[in-house]
Amino acid sequence: MSFSEKKTGIIGWGVYIPRWRIKLEEIARIWGFSPTTHKGLMVEEKSVAGKDEDAVTMGWEAAKNALIRAGIKPSEIGAVWFGTESKPYAVKPSATIIAEALGIVPETMATDLEFACRAASEALRISLGMISSGMIKYALVIGSDTAQANPGDVLEFTASSAATALITGPSSEAVAVFEASYTYVTDTPDFWRRAHVPYPLHGEGFTGEPAYFKHIIGAVKGLFEKAGLKPSDFDYAIFHQPNGKFPLSVGKKLGFTREQILPGLVTPYIGNSYNSSALIGLAKVLDEAKPGQRILLAPFGSGAGSDAYSIVVTDKVLEKQDKAPKVKDYLDRKTIIDYALYAKYRNLILRIRG
Amino acid sequence: MKFSIARFWREKQAHYRLKAAKCKSCGRVNYPPSSICRYCGSRDLEEIFLLNEKAKLLTWTIIYSVAEGFEDKRPRIIGLVETIETKARILAPITDVLPEELSEGTILEPVLRRINEDGEAGIIHYAIAYRPVIKPVGRKED
Ligand SMILES: [Zn+2]
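Chains as they are written, first to last, in our numbering: chain A, 1398 to 1751; chain B, 105 to 246.
To be clear, the hints were calculated from the coordinates, so they are not data collected in a lab.
A portion of the hints provided could be inaccurate.
As the list claims (entries may be wrong) - Quick list of in silico lysine-lysine cross-link-like pairs, DSSO-like style, CA-CA up to 30 Å:
#1 Lys1717(A) to Lys123(B)
#2 Lys123(B) to Lys1534(A)
#3 Lys1713(A) to Lys158(B)
#4 Lys1741(A) to Lys239(B)
#5 Lys116(B) to Lys1741(A)
#6 Lys1720(A) to Lys158(B)
#7 Lys1470(A) to Lys116(B)
#8 Lys1720(A) to Lys116(B)
#9 Lys1489(A) to Lys177(B)
#10 Lys239(B) to Lys1448(A)
#11 Lys160(B) to Lys1717(A)
#12 Lys1650(A) to Lys126(B)
#13 Lys160(B) to Lys1470(A)
#14 Lys126(B) to Lys1725(A)
#15 Lys1713(A) to Lys239(B)
#16 Lys1717(A) to Lys177(B)
#17 Lys1725(A) to Lys158(B)
#18 Lys160(B) to Lys1436(A)
#19 Lys177(B) to Lys1741(A)
#20 Lys160(B) to Lys1687(A)
#21 Lys1448(A) to Lys177(B)
#22 Lys177(B) to Lys1731(A)
#23 Lys126(B) to Lys1731(A)
#24 Lys1470(A) to Lys177(B)
#25 Lys1725(A) to Lys128(B)
#26 Lys128(B) to Lys1731(A)
Everything numeric in this text was worked out from a predicted model, so none of it was measured.
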């Protein structure tokens, strides 16, 4: 069966991870957690954005890398969609700042999307619709977060900072073509943040089974049924990565092997970068993928929803892989900081500012 | 620290994309851009953007007595850099680096950063800073 997604693909991809990392054992030391609490998460360190960074600056660098790989003129982009839950302004689009700073303005659509960790994935699906309909040729989709967590909350162990950008466009130019996609959403009280409240809260008992597992499994099974696919058809499986454990566990429930999941698992090294969490896994796989390989991508966002995509790599991937820094290059650029510096960088220290 | 929203908005192409002015008579590149070449006085200049160029660190200063609003960025490192191809000289913040890691000739690349903000409620000022290039692992650098 052929779907309209087939007319579209990924033209360029790029990521950004800040230089700074904090070890989870340092967070446990400060808040007195049992050493077993964070070991169960299967995350060693999380990335921390510096004092002059935010979701816009990180998204800008990921987008710049994606543009270099795409090899198109910025002015050819017809939409800039920015998925985040840590936008610098409550009102004033981040997308226009990035569009202006990369020379994409003024003839483009631009907006910020919000759906917890899944906003950028919604943007991705919207882009497939607009490109396959012929309304635009290229879209720039960015997932970027300096994820916030209440200091001392278990979420603080993993809430991290990173960005991923994808440029989507016609399949004839693509490094990877979309075969089919499927979305599964319901109203679920697993995680939220009210206006004027600085940190999100989570519904006890809701984050695992009724949220993460139910929605990802719903989306992936929906995709399988729609497109007639099964786990063994895929070379890679990339899921939303709130910690190192959940993706392996949801993959196992769906019938995937560890070998299919591990290449796209980035969370153990940088934590959960929210809107970039699954997409940076896709970027890492594209950094290494070979023509003809098939990728399953399933981002998830609280509230809750998941999208499943089947993506097939083309021979154009090889000429693009070395054109911009890879996920591994950013992973290797790291300096460990202590909780005090992390608290300063992420504005956790209360002070009066002029 | 208060700064002029109107002035920053007017100058955004220089702050965001390193818009500069190349002199058609002496060939030098003026940054920030100006309508008169500061090297030869010519009024015949063309617009260029330096965003895709790496640069070399010529000299830098470490500022411990920072201006109001920059307390959380202390110490600030301000560098004089020279772009590799166009030889434009740019004064800009140097970021993602510890003072002891810098040396003359360090190769840098431009990155958009959050330079300053007008208090808790005001506008956020984004502009280009420079940081040491991301080194590719196990591949040749171009
Ligand atoms: Zn001149």
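Can you confirm whether the C-alpha distance between Lys1720(A) and Lys158(B) stays at or below 30 Å? holds (15 Å)
Would the hint linking Lys126(B) and Lys1731(A) be met if the CA-CA limit is 30 Å? violated (38 Å)
Pair hint outcome, Lys160(B) versus Lys1436(A) [Cα-Cα no greater than 30 Å]: Distance of about 43 Å is beyond 30 Å: violated.
For the pair we were handed, Lys1650(A) and Lys126(B), check the Cα-Cα distance against 30 Å. Violated - the C-alpha atoms of Lys126(B) and Lys1650(A) are around 61 Å apart, more than 30 Å.
Do the alpha carbons of Lys1470(A) and Lys177(B) lie within 30 Å of each other, as the hint requires? violated (35 Å)
Hey, Lys1720(A) versus Lys116(B), does the alpha-carbon distance stay inside 30 Å? holds (28 Å)
Would the pair Lys1717(A) and Lys123(B) pass a check requiring their Cα atoms to be no farther apart than 30 Å? Given pair Lys1717(A), Lys123(B) holds - Cα atoms ~28 Å apart, limit 30 Å.
Is Lys1717(A) within 30 Å of Lys177(B), Cα to Cα? Violated: Lys1717(A) and Lys177(B) sit about 36 Å apart, past 30 Å.
Straight-line Cα separation of Lys123(B) and Lys1534(A) no greater than 30 Å? holds (27 Å)
For a C-alpha distance cap of 30 Å, please report whether Lys116(B) and Lys1741(A) respect it. Answer holds: Lys116(B) to Lys1741(A) is near 28 Å, not above 30 Å.
Hey, Lys1741(A) versus Lys239(B), does the alpha-carbon distance stay inside 30 Å? holds (27 Å)
Decide if the proposed pair is consistent with the structure: Lys239(B) and Lys1448(A), CA atoms, cutoff 30 Å inclusive. holds (22 Å)
Checked against the numbered hints given earlier, the structure breaks hints 12, 14, 16, 18, 20, 23, 24, 25 and 26 and satisfies all the rest.
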